[in-house]
Amino acid sequence: MTNPTARLPAKLHRRVCLVLTEDAVLAEELLARKKLATEVAGRLSDKVLLVRPGRLDAVLDELRKMGHTPQVVGK
Amino acid sequence: MPEAEPDWSDRCREALSRYAEPLLRTVADKLVRPRTKLPAEDLLDKSAATLGNVPVIDRRIKELPPAERKLLALVGLSRQPRWKVAHLLSLLAALDHHDGFAPVQSLLENGLLFPEGPEGAGAIADFTAWYGAAGTNTAVVFAHPGVAARARGEDLGLPNLSDRPPDATPRTADGLEWPLRLAAAWQLANVEPVRLTQGNALFKRDLQRLQTDGVLSAAPTDQLAPLADPGVLALLWSATAGLLAPNDGALAARAFPSEWDGPPLPLLAALFAALPLVDAWDPLSGYAPSESGLSPTPTAGLLAVLLARDWVAPDEVAAWLWSHHPSWASALPPETPDKGAAWAKAYLLGVAFPLGLLELSGDFVRLSALGRHLLFGEKEPPAPPTFPQTLMVQPNAEILAYRQGLTPGIVAALSRFARWKGIGAACTLELTAEQTYRGLESGLTLPMIVQTLNRHGTRPVPAGVADLLQRWASKRERITAFASAVLVEFPTAAELDAAVARGIVALRLTDRIGMTADGREPSLSQLRLIGNRDYEGRPQRCLAVGEDGVTLTVDTPQSDLLLEAEIGHFAEPVPIEPNGARKFRLTAQSLRRAAESRALSDIDRWFEERSGASLSPAGRLLLLGSQMPAPRAERLLVVKLATTDLADGVMQWPATRDLIAERVGPLALVVSEENLAALTAALADIGVSVASPS
Chain F
970 MTNPTARLPA KLHRRVCLVL TEDAVLAEEL LARKKLATEV AGRLSDKVLL
1020 VRPGRLDAVL DELRKMGHTP QVVGK
Chain S
4 MPEAEPDWSD RCREALSRYA EPLLRTVADK LVRPRTKLPA EDLLDKSAAT
54 LGNVPVIDRR IKELPPAERK LLALVGLSRQ PRWKVAHLLS LLAALDHHDG
104 FAPVQSLLEN GLLFPEGPEG AGAIADFTAW YGAAGTNTAV VFAHPGVAAR
154 ARGEDLGLPN LSDRPPDATP RTADGLEWPL RLAAAWQLAN VEPVRLTQGN
204 ALFKRDLQRL QTDGVLSAAP TDQLAPLADP GVLALLWSAT AGLLAPNDGA
254 LAARAFPSEW DGPPLPLLAA LFAALPLVDA WDPLSGYAPS ESGLSPTPTA
304 GLLAVLLARD WVAPDEVAAW LWSHHPSWAS ALPPETPDKG AAWAKAYLLG
354 VAFPLGLLEL SGDFVRLSAL GRHLLFGEKE PPAPPTFPQT LMVQPNAEIL
404 AYRQGLTPGI VAALSRFARW KGIGAACTLE LTAEQTYRGL ESGLTLPMIV
454 QTLNRHGTRP VPAGVADLLQ RWASKRERIT AFASAVLVEF PTAAELDAAV
504 ARGIVALRLT DRIGMTADGR EPSLSQLRLI GNRDYEGRPQ RCLAVGEDGV
554 TLTVDTPQSD LLLEAEIGHF AEPVPIEPNG ARKFRLTAQS LRRAAESRAL
604 SDIDRWFEER SGASLSPAGR LLLLGSQMPA PRAERLLVVK LATTDLADGV
654 MQWPATRDLI AERVGPLALV VSEENLAALT AALADIGVSV ASPS
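As given, the protein sequences belong to chains F and S, one line each in that order.
Here the working numbering = 1-based position in the first sequence + 969.
Here the working numbering = 1-based position in the second sequence + 3.
Quick caveat, the hints were computed from the structure, so don't treat them as lab data.
A hint or two may mislead.
To be verified - Straight-line Cα separation of at most 25 Å, SDA-like style, residue types lysine to any residue; simulated pairs:
(1) F:1034 / S:208
(2) F:1034 / S:253
(3) S:478 / F:975
(4) S:478 / F:978
(5) S:478 / F:976
(6) F:1034 / S:364
(7) F:1034 / S:257
(8) F:1016 / S:500
(9) F:1003 / S:603
(10) F:1034 / S:483
(11) F:1034 / S:473
(12) S:478 / F:1027
(13) F:1016 / S:478
(14) S:40 / S:26
(15) F:1044 / S:45
(16) F:1016 / S:297
(17) F:1034 / S:252
(18) F:1034 / S:212
(19) F:1004 / S:26
(20) F:1003 / S:486
(21) F:1004 / S:251
(22) F:1044 / S:255
(23) S:424 / F:1033
(24) S:586 / F:1010
(25) F:1016 / S:435
(26) F:1016 / S:592
Everything numeric in this text was worked out from a predicted model, so none of it was measured.
So that you can see chain F by itself, here it is in the shape it has in the complex (with noise of 0.2 Å):
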């Protein structure tokens, strides 16, 4: 049983650019798209796509030529 006030032992990542969708259908959506694709790194769970380091203005365009409108968070 965990402690409940210990500290939790945890790793940091740092400058992460990443792509969070409503459900995964919409994820699979954006990964059909070929351009958009060769700008994501990987995939880190269903609605989750890490974007490649500085390729975020490029995954942006792309997602507005598709006709979305994402909300942007941190830039």
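Starting from the structure of chain F, add chain S where the hints point.
What follows is chain S alone, placed relative to chain F:
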């Protein structure tokens, strides 16, 4: 947030700190007049403080020669503290002072003007040398606005061109025409930044955008004089007024400056002050970039407005400029034989009048109450009546904005989430998905948008439009992009559960990784850091391949997120044992899946990066075994030697080597049935007997 207004005393002190000490002492001797020799730092502080001392500044200005006093007065009247030296010399020449750089140098030496740049230059030891280094066309000086304002009362010696009173009741503009057009230019740059060439000129495509934009290129509804390229003027003016800023080789929209939040007067004052900085535009020629970067428009425009202190016909202003301004006449388009009358009319009636600086009666103009207040400090004109309910949102998502109720604040607010469609007595805007998205991206929320429309609307937002806005806003929630988030990885899912329960992280990204709602760093007081990885750093070796060649063990402190995302392409996770390391196993299926999207060389490179060696032989067997020729099962006759050396000897000796079919081990040689007798005989010759197979 827009940048705060610079503290001009600090700016002056900073400029003085770039002077070589002898020059600083010369300037401070004239400005501060210290009684004792002070350290340089004290001189800087005292000089900056003196610039705010009104009686001392008044005395210093009074002691100046007329040309210097006029120059300072012109800076004060323009309300623009920064001027190109070349423009100041043009203004002085128009006032019959043809002394070149001397008056500017004198003001620099008196500490009443300060040089700007050039970037990275060393200490300034001499103003003439600085002027040469900064470039005669590009050198910029600035004055403390408080100092320049004290000189505004100086008589410039401009003639009174008025010869008769007006015929009818004067007419004034509401001053909103240019703020509205600048807001539309801001919107255009917000949709797509306006790119600039290396020489800071507009690209043809962007120029065409400005010249064909339905709102920016349209003439005002009550146009008094035609104006060329009003869209270009709106764009350049919005840049000098702080609505746009250079960013990565383009003019990009920034937050509306603070003067857009209040009543019209501060905004109109700011726009008037920003006007002399618009260089590449001419009322008759429109967009007019020049190699020198200098245009007579800022100086001739300021003089034209000053000449309209009393009722005057634009023709008379043109005639005066024709005979006095050093470069204006030569810059006029050659096909205008009216000696610049059309230019003066276009500037005064097309720029200054709509800004509210002038009033009009028949063919005559003169400074309005606002113009006299801004230029000569006369009584502030009364604020216009307010009509807070001035918008009507129509069921087709168009907004009708009655102009008499518009304020800078409403104009700025609307510009963020509704697209300007028409500027006139009643302006029209359109609510669109794209513009709503931009509004939300700029920091607005859906309730803020609806509240703005309701607060200033003559009736509530129609239900259909509210639904539309809601739908557009919801669409934005479907995809969230984080530019630079901090992700928190826990060793087990249970620990992530605990972190969520304690509010350390809000979002679960995987069963072990979470992050805060805004992607910022979580509170570290409840965490014990076991690793710290930079996503933008190089991938690290963080995998150990087991003896079996198929078990991969993750070195958790060294592993990064890309490993997390990539390893699933190559291997299947192995259930984690309590307190055990995370493990994955290579399977034929996982490796074949990986091979569908990448070449073997890429797989090898990934394993080299992550484990230090290419794919293990066992992994190769799993991946490639099925693609190779099928293995054969066969019986062989093997001769087994006692030692490796003996086996090597048999392989080497000419009498035996041709009789060996294959070496299958250090001691084992394969011999065909038909060669066995010959091999046995050859070995027998040297005393080695081969035992027969049992």
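Tell me if the straight-line CA distance from residue 424 of chain S to residue 1033 of chain F falls inside 25 Å. At roughly 22 Å apart (the allowed maximum being 25 Å), residue 1033 of chain F and residue 424 of chain S satisfy the hint.
Given the hinted pair residue 1003 of chain F and residue 603 of chain S, is their alpha-carbon gap at most 25 Å? Roughly 22 Å between the alpha carbons, so the hint for residue 1003 of chain F and residue 603 of chain S holds.
Tell me if the straight-line CA distance from residue 586 of chain S to residue 1010 of chain F falls inside 25 Å.
22 Å, holds
Residue 1016 of chain F and residue 478 of chain S: Cα distance at most 25 Å? 16 Å, holds
- Query: When you check the alpha-carbon spacing of residue 1016 of chain F and residue 435 of chain S, does it fall within 25 Å?
  - Reply: 28 Å, violated
Check: Is the straight-line distance between the alpha-carbon of residue 1034 of chain F and that of residue 212 of chain S 25 Å or less?
Finding: 20 Å, holds
**Request:** Below or equal to 25 Å on CA atoms is what counts here, so check residue 1004 of chain F against residue 251 of chain S.
**Result:** 24 Å, holds
* Asked: Do the alpha carbons of residue 1016 of chain F and residue 500 of chain S lie within 25 Å of each other, as the hint requires?
  -> 19 Å, holds
Would the hint linking residue 478 of chain S and residue 975 of chain F be met if the CA-CA limit is 25 Å?
40 Å, violated
Exercise. Hey, residue 1044 of chain F versus residue 255 of chain S, does the alpha-carbon distance stay inside 25 Å?
Worked result: 15 Å, holds
inquiry  = Holds or violated: residue 1016 of chain F and residue 592 of chain S, Cα atoms, limit 25 Å.
reply    = Holds, at about 24 Å.
Q. Between residue 1044 of chain F and residue 45 of chain S, is the straight-line Cα distance small enough, at 25 Å or below?
A. 42 Å, violated
Hints 3, 4, 5, 6, 15, 16, 19 and 25, counting from the list given before, are not met by this structure.
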